[in-house]
Amino acid sequence: MRIGTVVGNIWATRKEEGLQGLKLLIIQPKNVDGQFSNEQIVAADRIGAGVGDEVILTMGSAAVRSFSTTTICPIDAIVVGIIDGTDEVRGEHSEGSDRHD
Amino acid sequence: MRIGTVVGNIWATRKEEGLQGLKLLIIQPKNVDGQFSNEQIVAADRIGAGVGDEVILTMGSAAVRSFSTTTICPIDAIVVGIIDGTDEVRGEHSEGSDRHD
Amino acid sequence: MRIGTVVGNIWATRKEEGLQGLKLLIIQPKNVDGQFSNEQIVAADRIGAGVGDEVILTMGSAAVRSFSTTTICPIDAIVVGIIDGTDEVRGEHSEGSDRHD
Amino acid sequence: MRIGTVVGNIWATRKEEGLQGLKLLIIQPKNVDGQFSNEQIVAADRIGAGVGDEVILTMGSAAVRSFSTTTICPIDAIVVGIIDGTDEVRGEHSEGSDRHD
Amino acid sequence: MRIGTVVGNIWATRKEEGLQGLKLLIIQPKNVDGQFSNEQIVAADRIGAGVGDEVILTMGSAAVRSFSTTTICPIDAIVVGIIDGTDEVRGEHSEGSDRHD
Numbered sequence: 422m423r424i425g426t427v428v429g430n431i432w433a434t435r436k437e438e439g440l441q442g443l444k445l446l447i448i449q450p451k452n453v454d455g456q457f458s459n460e461q462i463v464a465a466d467r468i469g470a471g472v473g474d475e476v477i478l479t480m481g482s483a484a485v486r487s488f489s490t491t492t493i494c495p496i497d498a499i500v501v502g503i504i505d506g507t508d509e510v511r512g513e514h515s516e517g518s519d520r521h522d
Numbered sequence: 422m423r424i425g426t427v428v429g430n431i432w433a434t435r436k437e438e439g440l441q442g443l444k445l446l447i448i449q450p451k452n453v454d455g456q457f458s459n460e461q462i463v464a465a466d467r468i469g470a471g472v473g474d475e476v477i478l479t480m481g482s483a484a485v486r487s488f489s490t491t492t493i494c495p496i497d498a499i500v501v502g503i504i505d506g507t508d509e510v511r512g513e514h515s516e517g518s519d520r521h522d
Numbered sequence: 422m423r424i425g426t427v428v429g430n431i432w433a434t435r436k437e438e439g440l441q442g443l444k445l446l447i448i449q450p451k452n453v454d455g456q457f458s459n460e461q462i463v464a465a466d467r468i469g470a471g472v473g474d475e476v477i478l479t480m481g482s483a484a485v486r487s488f489s490t491t492t493i494c495p496i497d498a499i500v501v502g503i504i505d506g507t508d509e510v511r512g513e514h515s516e517g518s519d520r521h522d
Numbered sequence: 422m423r424i425g426t427v428v429g430n431i432w433a434t435r436k437e438e439g440l441q442g443l444k445l446l447i448i449q450p451k452n453v454d455g456q457f458s459n460e461q462i463v464a465a466d467r468i469g470a471g472v473g474d475e476v477i478l479t480m481g482s483a484a485v486r487s488f489s490t491t492t493i494c495p496i497d498a499i500v501v502g503i504i505d506g507t508d509e510v511r512g513e514h515s516e517g518s519d520r521h522d
Numbered sequence: 422m423r424i425g426t427v428v429g430n431i432w433a434t435r436k437e438e439g440l441q442g443l444k445l446l447i448i449q450p451k452n453v454d455g456q457f458s459n460e461q462i463v464a465a466d467r468i469g470a471g472v473g474d475e476v477i478l479t480m481g482s483a484a485v486r487s488f489s490t491t492t493i494c495p496i497d498a499i500v501v502g503i504i505d506g507t508d509e510v511r512g513e514h515s516e517g518s519d520r521h522d
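Chains as they are written, first to last, in my numbering: chain V, 422 to 522; chain E, 422 to 522; chain G, 422 to 522; chain A, 422 to 522; chain W, 422 to 522.
Treat the hints with care, as some may be off.
[As the list claims (entries may be wrong)] Restricting the straight-line Cα-Cα distance to at most 25 angstroms, the calculated cross-link-like pairs of lysine-lysine (DSS-like) are:
1. W:Lys451 with G:Lys444
2. E:Lys451 with V:Lys444
3. W:Lys451 with A:Lys451
4. G:Lys451 with E:Lys451
5. V:Lys451 with E:Lys444
6. A:Lys451 with V:Lys451
7. A:Lys444 with W:Lys451
8. E:Lys444 with G:Lys451
9. W:Lys451 with G:Lys451
10. A:Lys444 with V:Lys451
These aren't lab readings, by the way, just hints derived from the structure by calculation.
Start from the sequences and build out the full structure, keeping to the hints where you can.
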């Protein structure tokens with residue numbers, strides 16, 4: 422999954438029928454050290470994420486199948502979690518230490 | 422999904438049979454701040470997008486399955502929406518504010 | 422889908438059984454303005470594309486499933502069309518004009 | 422698959438139901454020569470990887486299907502192995518020598 | 422598919438059960454003109470590729486499904502062929518000439 426920040430909403434009146442009723446958010450992915458990626462990803466959300474939230478983004482067909490078992494939505498990214506916190510130790514790897522099994 | 426602008430049509434006479442009758446558009450994806458990406462993506466369209474339209478693009482196999490339930494089209498990208506508007510607040514994230522649940 | 426130019430053939434004697442009898446081409450994808458991408462993609466072809474042809478390339482599992490309904494070929498890219506022409510208007514978007522619905 | 426180093430844990434209280442009970446790790450992928458990639462990937466783990474471990478990462482829908490046969494988890498990356506060692510010879514290729522069939 | 426060179430073996434004792442018994446190789450993909458990409462990909466191999474071999478690499482879920490019909494292996498890349506030769510003509514495209522239909 423990717424980590425990103427919700428930067429806005431997006432609306433489309435003319436759309437594929439399978440997109441009806443879905444809330445779509447614009448997400449700006451974050452690279453290491455909190456830098457924003459140059460990309461922007463549109464993702465469906467049903468857990469109530471809003472602008473400014475840091476979220477976990479799942480992409481691809483498995484995500485879509487999990488989203489609805491009755492229909493196949495024409496989407497390729499969904500918000501799966503709103504991040505509470507992380508404990509990252511980046512850039513160097515202290516082998517064997519600080520394990521969380 | 423990705424955001425992009427329709428920059429043209431594309432035609433192919435010799436093609437896979439599953440592509441027959443599909444309208445194909447060339448899309449130039451947009452990165453943050455409205456800058457165009459260096460890529461070009463060919464996508465199938467059945468919602469009537471045209472040159473100059475800003476569109477939402479769904480990629481991958483889930484998109485394809487949603488496009489047709491009777492046959493498997495040999496495509497990997499479809500136009501799913503013509504964008505009416507967005508309310509992006511980029512580059513900085515104002516945590517907890519401006520929520521749209 | 423991606424746009425690319427066929428730059429060569431590729432042969433492999435020792436291979437996965439599911440690759441038997443497939444014609445494989447090396448494709449160099451094209452970015453905007455006709456610039457070649459730095460990548461090279463190997464794709465299966467059964468529509469008769471040859472060196473120098475500009476082609477449309479479909480990638481991923483949906484493409485593969487459309488290629489054969491009886492067996493699952495271990496491939497991730499196929500040539501789906503030989504391009505006749507395009508009418509691209511790149512880099513700027515003239516909203517609302519020149520629609521082809 | 423990709424090679425990466427576990428750099429931290431990540432928590433989300435508000436999340437898709439299918440994510441319940443999954444342990445999520447932040448992975449920093451490694452490019453050649455041990456350089457870290459600029460990306461960060463969130464992956465599900467059930468083999469007990471911890472911060473500092475070098476791991477093998479599988480991405481995409483096949484990985485997800487292997488993770489659970491009863492439900493479809495909304496994930497797109499899993500940790501599949503904790504690396505014991507490698508014997509890489511990079512940058513040059515000594516054809517025909519040092520075969521491990 | 423991608424073209425790459427096998428640069429080493431990789432071992433993992435603690436791993437997902439579905440990885441048991443699979444031989445894993447580290448592949449360095451090649452871009453145009455034989456330049457190596459900055460990435461490294463771990464792929465399953467059952468056709469006997471070894472260090473120094475130039476190989477064709479298939480990625481994604483279709484590849485995985487072709488690898489085993491009885492179980493779903495948690496892998497996303499497999500070696501599908503050991504390259505015998507290519508006849509690439511890169512960088513320029515001589516339209517209509519040198520066809521191999």
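A quick look at each hint next to the structure:
1. W:Lys451 with G:Lys444: holds, 21 angstroms
2. E:Lys451 with V:Lys444: Holds, at roughly 21 angstroms.
3. W:Lys451 with A:Lys451: holds, 17 angstroms
4. G:Lys451 with E:Lys451: holds, 17 angstroms
5. V:Lys451 with E:Lys444: violated, 35 angstroms
6. A:Lys451 with V:Lys451: Within the cut-off at roughly 17 angstroms; holds.
7. A:Lys444 with W:Lys451: The hint is violated at about 35 angstroms.
8. E:Lys444 with G:Lys451: holds, 21 angstroms
9. W:Lys451 with G:Lys451: holds, 17 angstroms
10. A:Lys444 with V:Lys451: OK: Lys444 of chain A and Lys451 of chain V at ~21 angstroms, within 25 angstroms.
Hint check: violations occur at hints 5 and 7; the rest are consistent with the structure.
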